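Enquirer: Keeping their order, the protein sequence lines are chains C and U.
With full-length UniProt numbering applied, the first sequence covers 1 to 257.
With full-length UniProt numbering applied, the second sequence covers 1 to 208.
Everything labelled a hint here was simulated from the structure, so no lab data went into it.
This structure is a prediction, so every number in the text was calculated from the model and none was measured.
Cβ coordinates follow ideal geometry from the N, Cα and C atoms, glycine included.
A few of these clues could be false.
[Unchecked claim] To give an idea of the interface, some chain C residues facing chain U are shown, with a C-beta separation under 8 Å as derived from the structure: (1) T13; (2) P173; (3) A200.
[Stated by the list, open to error] Heads up, incomplete: computed chain C residues facing chain U, CB under 8 Å, no partners named: (4) N85; (5) N174; (6) G220; (7) Q223.
[Claimed, not checked] Computed cross-link-like contacts, SDA-like style, restricted to lysine to any residue with a CA-CA straight-line distance of at most 25 Å: (8) C:K257 x U:W15; (9) C:K129 x U:G77; (10) C:K231 x U:S95; (11) C:K131 x U:S95; (12) C:K257 x U:R17; (13) C:K131 x U:G77; (14) C:K203 x U:F85; (15) C:K131 x U:R17; (16) C:K231 x U:R98; (17) C:K178 x U:S95; (18) C:K178 x U:W170; (19) C:K178 x U:R98; (20) C:K178 x U:F85; (21) C:K231 x U:V174; (22) C:K178 x U:G77; (23) C:K203 x U:S95; (24) C:K257 x U:R11; (25) C:K203 x U:I172; (26) C:K178 x U:R16.
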Amino acid sequence: MSTTAETMETTRTVHLIIERQDSPESDPYTEEFVVPYRPGMNVIACLMEIQRNPRNKNGDPVAPVTWEMNCLEEICGACTMVINNRPRQACSALVDKLEQPIRIRPMRTFPVVRDLVVDRSRMFDALKKIKAWVPIDGTYDLGPGPRMSERDQQIAYELSRCFTCGACVEACPNVNDKNPFIGPFAISQARLFNMHPTGAMHKEDRLEALMGEGGIHECGNAQNCVQVCPKGIPLTTSIAAMNRQVTYHALGAWLRK
Amino acid sequence: MAVAQAAHKNREFLWRRLHTLSGVIPVGLFLLEHLFTNATALRGPAAFNDAVDAIQTLPLLHFIEFVFIFLPITYHGVFGLYVAFVSGYNANRFSFGRNILFVLQRVTGVITFVFIIFHLWTTRFSGNAPNYDMVHNLVSNPAYFWFMIIGVVAATFHFANGLWSFCIHWGITVGARAQRITAWVTMIVFVVLAGMGVASIIAFTHSA
Numbered sequence: 001m002s003t004t005a006e007t008m009e010t011t012r013t014v015h016l017i018i019e020r021q022d023s024p025e026s027d028p029y030t031e032e033f034v035v036p037y038r039p040g041m042n043v044i045a046c047l048m049e050i051q052r053n054p055r056n057k058n059g060d061p062v063a064p065v066t067w068e069m070n071c072l073e074e075i076c077g078a079c080t081m082v083i084n085n086r087p088r089q090a091c092s093a094l095v096d097k098l099e100q101p102i103r104i105r106p107m108r109t110f111p112v113v114r115d116l117v118v119d120r121s122r123m124f125d126a127l128k129k130i131k132a133w134v135p136i137d138g139t140y141d142l143g144p145g146p147r148m149s150e151r152d153q154q155i156a157y158e159l160s161r162c163f164t165c166g167a168c169v170e171a172c173p174n175v176n177d178k179n180p181f182i183g184p185f186a187i188s189q190a191r192l193f194n195m196h197p198t199g200a201m202h203k204e205d206r207l208e209a210l211m212g213e214g215g216i217h218e219c220g221n222a223q224n225c226v227q228v229c230p231k232g233i234p235l236t237t238s239i240a241a242m243n244r245q246v247t248y249h250a251l252g253a254w255l256r257k
Numbered sequence: 001m002a003v004a005q006a007a008h009k010n011r012e013f014l015w016r017r018l019h020t021l022s023g024v025i026p027v028g029l030f031l032l033e034h035l036f037t038n039a040t041a042l043r044g045p046a047a048f049n050d051a052v053d054a055i056q057t058l059p060l061l062h063f064i065e066f067v068f069i070f071l072p073i074t075y076h077g078v079f080g081l082y083v084a085f086v087s088g089y090n091a092n093r094f095s096f097g098r099n100i101l102f103v104l105q106r107v108t109g110v111i112t113f114v115f116i117i118f119h120l121w122t123t124r125f126s127g128n129a130p131n132y133d134m135v136h137n138l139v140s141n142p143a144y145f146w147f148m149i150i151g152v153v154a155a156t157f158h159f160a161n162g163l164w165s166f167c168i169h170w171g172i173t174v175g176a177r178a179q180r181i182t183a184w185v186t187m188i189v190f191v192v193l194a195g196m197g198v199a200s201i202i203a204f205t206h207s208a
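Isolated chain C, as found in the complex (with noise of 0.2 Å):
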């Protein structure tokens, strides 16, 4: 009985259609995989048995599968790809609670630069410009900062929780060629900061950077991302948070002129 379990176990197998690009500017074209099943397995996982065995479904060989990858435990947001059309994490992306043939693609609200590996740099750049970080370099030691409440330090943790992996963004109607919205993901980390006792003292550069190009009012309410972002951070009430820091800014900036 044992026996008859264990040879269904190994004949089983996972089908994978994977979208795959050979260079940034080369065409898309669809591969199908089939690698042997192993329990527990991930989407990581099927992709390692690809570059064991670089065979497509007829089994010709063809170039390995290209990926990104690193914590493997949902923190560091590198192997966020489009699977079965939700974009997430191929780490926590288990096979058993995945519909077959499993879909796989990348964010192409990114450049590709190959397979399934694509190019954020975008999102780095709209932390850059909305200042996402508390500036503590001095000539001298400031000494400690004053102290959070323990309410705004829930909120302060749940927002921190951020990992840029890209899923809002990818998930926005309104980030698009036509658009140049920053994304979901920076407003919140707008919010994070602006919160943040010694990084309210940069409260006006942030709200002035949403305000700029690709800011704020390019947020067109479809609320995909708190949807789809895998911390579950309240990304639509950051949004609405930082309309309302937006609107008294703007709006006293105006009439103190």
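Please arrange chain U on chain C, whose structure you already have, making use of the hints.
Expert: Positioned in the frame of chain C, the structure of chain U alone reads:
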């Protein structure tokens, strides 16, 4: 530094905020006024003609019409076409309720824009006196009747759903709960206004 930043600041933020504001004040308010005036037709031709006369005798009518109705509607409509053009549409990939409403908001906006142009051409700029008989003659044509129904439903949806979006754009509703409740309230607003508009159109089909 700050000066250089201010000089480079693009005006998109201002145009976008003016767009959402103009949709509610004054365009949304005008829509309400218009629907209430039309609803007087439910009390018969005389009541409607009295309501029209009351508007006709307003002082500075042409000024009010141009500054508070024509200019804002043109701005909201033309800029809205641009907004609809630069929006992406991915409801086929992400079929979340709000994403579908995001698409519908843009679709009903374009329908309303076309509707308003034709509607103005056949009423305000038709050269006919604005009274019950003029409207009755128009809606007696079944094609025009259904065109009116579609236009009224599209316009009231666009207004109600736009109110929900307006509350977020201006930072009025921040939390998820507040946004959810506002979504329900604005959908009730849509049903009530659309029902009122449709009932008025049907009332106009009865001959004087």
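Enquirer: For each hint, tell me whether it holds in the structure or not.
Expert: We went through each hint and held it up to the structure:
1. T13: violated, 27 Å
2. P173: holds, 4 Å
3. A200: violated, 17 Å
4. N85: holds, 6 Å
5. N174: Result: holds, 6 Å to nearest chain U Cβ.
6. G220: For G220 (chain C), the interface hint holds, since the closest Cβ of chain U sits about 6 Å away, which is under 8 Å.
7. Q223: holds, 4 Å
8. C:K257 x U:W15: holds, 20 Å
9. C:K129 x U:G77: violated, 32 Å
10. C:K231 x U:S95: holds, 20 Å
11. C:K131 x U:S95: violated, 33 Å
12. C:K257 x U:R17: holds, 19 Å
13. C:K131 x U:G77: violated, 35 Å
14. C:K203 x U:F85: Violated, because 32 Å separates the two Cα atoms, which is more than 25 Å.
15. C:K131 x U:R17: With a Cα-Cα distance of about 23 Å, the restraint between K131 (chain C) and R17 (chain U) holds, given a limit of 25 Å.
16. C:K231 x U:R98: holds, 20 Å
17. C:K178 x U:S95: Holds - the C-alpha atoms of S95 (chain U) and K178 (chain C) are around 22 Å apart, at most 25 Å.
18. C:K178 x U:W170: holds, 24 Å
19. C:K178 x U:R98: holds, 22 Å
20. C:K178 x U:F85: holds, 8 Å
21. C:K231 x U:V174: holds, 20 Å
22. C:K178 x U:G77: Given pair K178 (chain C), G77 (chain U) holds - Cα atoms ~19 Å apart, limit 25 Å.
23. C:K203 x U:S95: violated, 36 Å
24. C:K257 x U:R11: Holds. K257 (chain C) to R11 (chain U) sits at ~17 Å (cutoff 25 Å).
25. C:K203 x U:I172: holds, 20 Å
26. C:K178 x U:R16: holds, 16 Å
In this structure, the hints that do not hold are numbers 1, 3, 9, 11, 13, 14 and 23, in rising order.
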